[in-house]
Amino acid sequence: MLRMSTDVQVAMVSHCLGGLPEEACGLIAGDPALDAVLAWYPTQNVARSARVYTVDPLAHLRADRDAESRGLQIVGVFHSHTHTDAYPSPTDVTQAPDPSWHYVIVSLRDVQPVVRSYRIVDGLVEEESVVIRTHVAQAS
Amino acid sequence: MPVDVRLPTVLRSQAGGRSTVSVDGSTVGEVLQSLISEHPGMGEQVLNPDGSLHRFVNVYVNDDDVRYLSSLDTPVKEGDEVSILPAVAGG
Chain F
1 MLRMSTDVQV AMVSHCLGGL PEEACGLIAG DPALDAVLAW YPTQNVARSA RVYTVDPLAH
61 LRADRDAESR GLQIVGVFHS HTHTDAYPSP TDVTQAPDPS WHYVIVSLRD VQPVVRSYRI
121 VDGLVEEESV VIRTHVAQAS
Chain X
1 MPVDVRLPTV LRSQAGGRST VSVDGSTVGE VLQSLISEHP GMGEQVLNPD GSLHRFVNVY
61 VNDDDVRYLS SLDTPVKEGD EVSILPAVAG G
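Protein sequences appear in the order of chains F and X. For what it's worth, the working numbering labels the leading residue of the first sequence as 1, then goes sequentially. For what it's worth, the working numbering labels the leading residue of the second sequence as 1, then goes sequentially.
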């Protein structure tokens, strides 16, 4: 399960829409024990592509430091699929950097954006539920 | 000379959950070799079998990507922070 606030969900989708026609991406941070998104970091897709993404490495470093300064850690990545389902592509699976992360995909294929989240462990993909609440507290 | 190394989440379990460890070295390569000798499980995730930097790993000295400096020969001094992060990419 991955919990996030409506504000984070809207901002994440908005960042992805703003990246069109290219894929957009960013990082999410939280307390790994809580499975909740408590901060998010929009980053540039330095691949500048409608088919692939690469999180700007320097933005990743800065996000990592900022998360740590808030007592959080990077717990996942989100990116958009501009013309396909919100399901990990073979590239997403082979390049998944961390089995503890949440992999959020925002599909912009249809008029209504679709947000789904996955765990990717040893090449195996498992969807997890995304729970949207008005507020997601740091201590719960 | 001790240098702090920030570890990515995927490697922290091999360092007792710590996000930063202190190891010796005067270049990035020496720092990574010290790190791997203390935590051998990190080896194949950071370096290729030929000793070069793994393609899916980015290493920084402070704010500078070592691939734009002298890669593993990049010098480090006391007080520098070496950060290891996974390249985050997909399709």
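These are computed hints drawn from the structure, not numbers from a lab. No experiment lies behind these values; they were computed from the predicted model shown. One thing to keep in mind: the hints can contain errors.
[Stated by the list, open to error] Selected chain X positions facing chain F (Cβ under 8 Å, derived; list incomplete): (1) N58; (2) D65; (3) Y68; (4) S71; (5) D80; (6) L85.
[Unchecked claim] Chain X side only, calculated, beta carbon under 10 Å to chain F, not exhaustive: (7) P2; (8) N48; (9) P49; (10) G51; (11) S52; (12) P75; (13) K77.
By construction, the Cβ of each residue, glycine as well, lies at the ideal position given by its N, Cα and C atoms.
How the hints compare with the structure:
Annotation: interface hint on N58 of chain X holds; nearest CB of chain F at approximately 5 Å, less than 8 Å. About 6 Å separates the beta-carbon of D65 of chain X from the nearest beta-carbon of chain F, less than 8 Å, and the hint is met. With its C-beta approaching chain F no nearer than about 10 Å, Y68 of chain X sits outside the 8 Å limit, and its interface hint is violated. Against a cut-off of 8 Å between C-beta atoms, the interface hint on S71 of chain X is violated, since the closest Cβ of chain F lies about 15 Å away.
Taking 8 Å as the C-beta contact cut-off toward chain F, the hint placing D80 of chain X at the interface is violated, the least distance being around 14 Å. Look at L85 of chain X: its Cβ gets to within about 5 Å of chain F, closer than 8 Å, so that hint holds up. For P2 of chain X, the shortest C-beta to C-beta distance to chain F is roughly 20 Å, which exceeds 10 Å, and the interface hint is violated. Restraint check, N48 of chain X versus chain F: the minimum CB separation of about 16 Å is more than 10 Å; hint violated.
Look at P49 of chain X: its Cβ only gets to about 19 Å from chain F, farther than 10 Å, so that hint breaks. This hint is violated: G51 of chain X has a C-beta 21 Å from the nearest C-beta of chain F, more than the 10 Å allowed. Evaluation of the S52 of chain X hint against chain F yields a violated restraint, the C-beta minimum of about 18 Å exceeding 10 Å. The restraint placing P75 of chain X at the interface with chain F is violated, with a minimum CB-CB distance near 19 Å, outside the 10 Å limit.
With a cut of 10 Å, the hint placing K77 of chain X at the interface with chain F is violated, because the nearest CB-to-CB distance is about 19 Å.
Of the numbered hints stated above, those contradicted by the structure are hints 3, 4, 5, 7, 8, 9, 10, 11, 12 and 13, listed in ascending order.
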